[in-house]
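J.: Sequence:
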Amino acid sequence: MKPVFWPSIALLVSLSACGMFDDPQKQRVQAESAMARGDFGTAAVTLRNLIDGDEDDAGLRLLLARTLFMQGDMDGARRTLQAAVARGAPPDQVALIEADWALQQASFRQVLDATESEGDAFSNDQRLYLRARALQGLQRVPEAMAIYRALSEARPDSADLHLRIAQCHALLGRLDAASAAVDRALALDAQGDWRPVRAEAWILKAGLAAESADAAAVRQHLDQAVAAAPGELNLVAHGQLLVNAIDLALKHEDLDTARRYQGQLTRAMPQSPLARLSAARLGLLEADPAEAIGALQRLVQELPGDAGVRVTLVGAQVLAGTYEQALSELANLAQGAGASVRSVQDLVRAAAATPAGSLERARSNAAVLVALQQPALARLALSQVDSSQAASADLLRARAQIELRNDRPGEAVRLAEQLVSRDPPERQDRALLAEALAANRQYEASASVYETLWSEGQSGTLAMAFAQARHRAGVADPDRPLREWLQRQPSDHAVRLSMAATLQQAGDLAAARIELQRVLAGLPRDHALRAPTLNNLALIQARSGDMQAALASAREAYQLGGAIPEIQDTYGWLLVKVGRPEEGVNILEGAVRAAPRSAERRYHHAAALAAAGDRDAALVYLDDLLRYDGDFADRAEAERLHGSL
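Remember, the numbering used here sits 1 above the position in the sequence shown when you count from 1.
There could be a bad hint or two in this list.
To be verified - Simulated pairs of lysine to any residue, SDA-like, Cα-Cα distance not exceeding 20 angstroms: (1) K578 x L646; (2) K578 x R628; (3) K252 x D408; (4) K578 x R616; (5) K27 x R38; (6) K252 x M75; (7) K27 x V46; (8) K252 x Q298; (9) K27 x R49; (10) K252 x A214; (11) K578 x L642; (12) K578 x G563.
Since the hints were derived computationally from the structure, they do not count as laboratory data.
Take these sequences, add in the hints, and give me the full structure.
T.: Here is the structure:
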């Protein structure tokens with residue numbers, strides 16, 4: 002098949018059509034073969050030797066430039082590309098290589114600009130494809146999708162295009178469509194595409210499996226991505242994929258798989274900081290931590306600005322009981338890191354105050370490691386108690402809490418059930434079981450446990466958790482706990498805000514408005530609940546026809562919490578409704594970029610574009626919504642607007 006979007010490597014380095022190859026030609030084939038299996042070092046050596054024998058071969062330099070980029074040597078790749086240009090390398094091939102590099106480095110604006118200013122460097126299909134990739138990276142997904150769809154109609158056999166379509170569907174939350182498109186990509190070979198895309202496709206499959214909480218499928222698909230990665234991903238991306246696979250294996254306490262991936266990472270990037278950091282993390286779980294701590298300290302000296310290395314070192318020092326050193330490292334992180342680092346410092350000080358070797362110290366160390374997002378080390382910390390304490394309730398409770406934070410709700414349920422099987426079961430353990438059941442999507446069972454707890458004693462936190470479980474379980478009158486608690490504690494703002502949201506969803510706007518105004522009356526201006534309360538009040542005021550009051554409430558909410566997509570959407574949409582669409586467009590674009598899965602927000606953005614006079618862009622977004630999103634709240638309005646345009 003004839004390539005459409007990218008020149009194949011065979012076009013960069015033309016091979017003789019005769020049946021026999023001379024030695025340089027054989028070496029070119031060997032270099033290409035080494036690239037295909039991810040052995041970029043061998044390919045680079047072979048190509049340099051060939052260049053020494055043919056100083057003017059621009060094609061060899063193009064191939065070497067690509068090899069060096071895949072190897073992670075960006076400076077060397079650029080110098081080699083410049084040398085190829087000086088020797089007459091075809092401008093279109095050079096432009097495509099530079100665009101590919103920019104895409105892989107997430108320089109999407111650069112690629113978008115290039116498609117608008119490179120003259121005849123790209124063919125029309127190449128320009129469209131590059132534009133779509135850039136738009137996708139910039140979160141302008143419906144625009145990218147429209148281009149991919151048009152290109153795929155002409156090239157239905159392109160695995161690359163089906164993968165990009167799948168990625169767009171996934172970004173917009175259309176998971177079934179994404180799954181069908183990525184399966185189509187995997188069913189096709191990569192002939193006619195720039196390079197194979199199987200590794201990217203399996204990574205997407207793993208992400209889709211994670212959405213459905215299919216842990217076994219996530220691990221299987223990541224394994225397939227790792228197998229496909231050599232030659233497809235550059236070394237940096239390949240290394241990060243292996244680190245993610247190692248993290249997932251450790252999450253599931255699978256040390257054998259973690260070691261296997263670590264071996265691959267070390268072979269691929271033997272002296273890289275990424276491989277050394279990963280090896281040190283694994284070493285903490287397998288041996289005396291002193292050697293791993295030494296390796297981490299050397300990495301910190303080499304990379305003093307790398308927060309990830311320093312955080313890993315802090316975890317190792319806590320595990321080893323060297324708390325003063327851990328606090329010293331945290332102090333280096335504290336500048337600009339805010340309250341999160343200070344809270345970890347407090348946890349470290351609390352751990353240092355516990356008796357060495359005690360269960361209390363193990364629990365305190367685990368709390369620090371959970372806060373540092375190092376669950377595997379947190380488990381190890383809990384194992385460092387004597388055997389007489391191994392089955393203690395405190396230890397089981399701490400392990401269950403770790404698994405909840407580690408997104409392993411099934412394991413948390415198992416441990417919590419062990420706790421509540423004791424006679425008599427403690428209240429805190431039944432609360433832990435209810436939380437774990439809800440996290441494991443066992444909502445009816447969770448609501449049943451909460452019902453018992455509620456009958457024995459009430460609190461605002463319990464009221465909200467109980468009501469949420471009842472909602473998810475689909476029981477009648479799910480908000481009974483909220484009402485009962487507010488009768489006892491009318492000044493509990495968080496519970497009253499939950500009650501107002503429930504009334505609003507039920508359509509009782511007058512009652513919801515009263516509740517929200519009560520909340521606002523009791524909140525200081527800088528309270529974290531004030532922005533969402535104002536946002537909800539603005540929605541009610543708008544639905545009641547009081548647009549100026551709604552706009553004032555939404556503006557204040559935006560001033561207090563403008564980074565929250567829901568607040569951006571409300572304020573931007575109200576600006577459109579009061580006849581100020583030019584102001585609303587940019588705010589709504591931000592809301593869509595931050596939370597692209599909401600069909601309602603994408604409709605608001607499309608309507609704002611139309612009201613601001615950008616008919617073509619509005620049609621692109623409306624076409625995408627109406628083609629793929631099925632039923633959503635504003636579908637009828639979207640259809641009417643589409644018809645009017």
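J.: If a hint holds in the structure, say so; if it doesn't, say that too.
T.: A quick look at each hint next to the structure:
no. : hint        : verdict
1   : K578 x L646 : 18 angstroms, holds
2   : K578 x R628 : 25 angstroms, violated
3   : K252 x D408 : 9 angstroms, holds
4   : K578 x R616 : 17 angstroms, holds
5   : K27 x R38   : 17 angstroms, holds
6   : K252 x M75  : 34 angstroms, violated
7   : K27 x V46   : 14 angstroms, holds
8   : K252 x Q298 : 25 angstroms, violated
9   : K27 x R49   : 14 angstroms, holds
10  : K252 x A214 : 14 angstroms, holds
11  : K578 x L642 : 14 angstroms, holds
12  : K578 x G563 : 19 angstroms, holds
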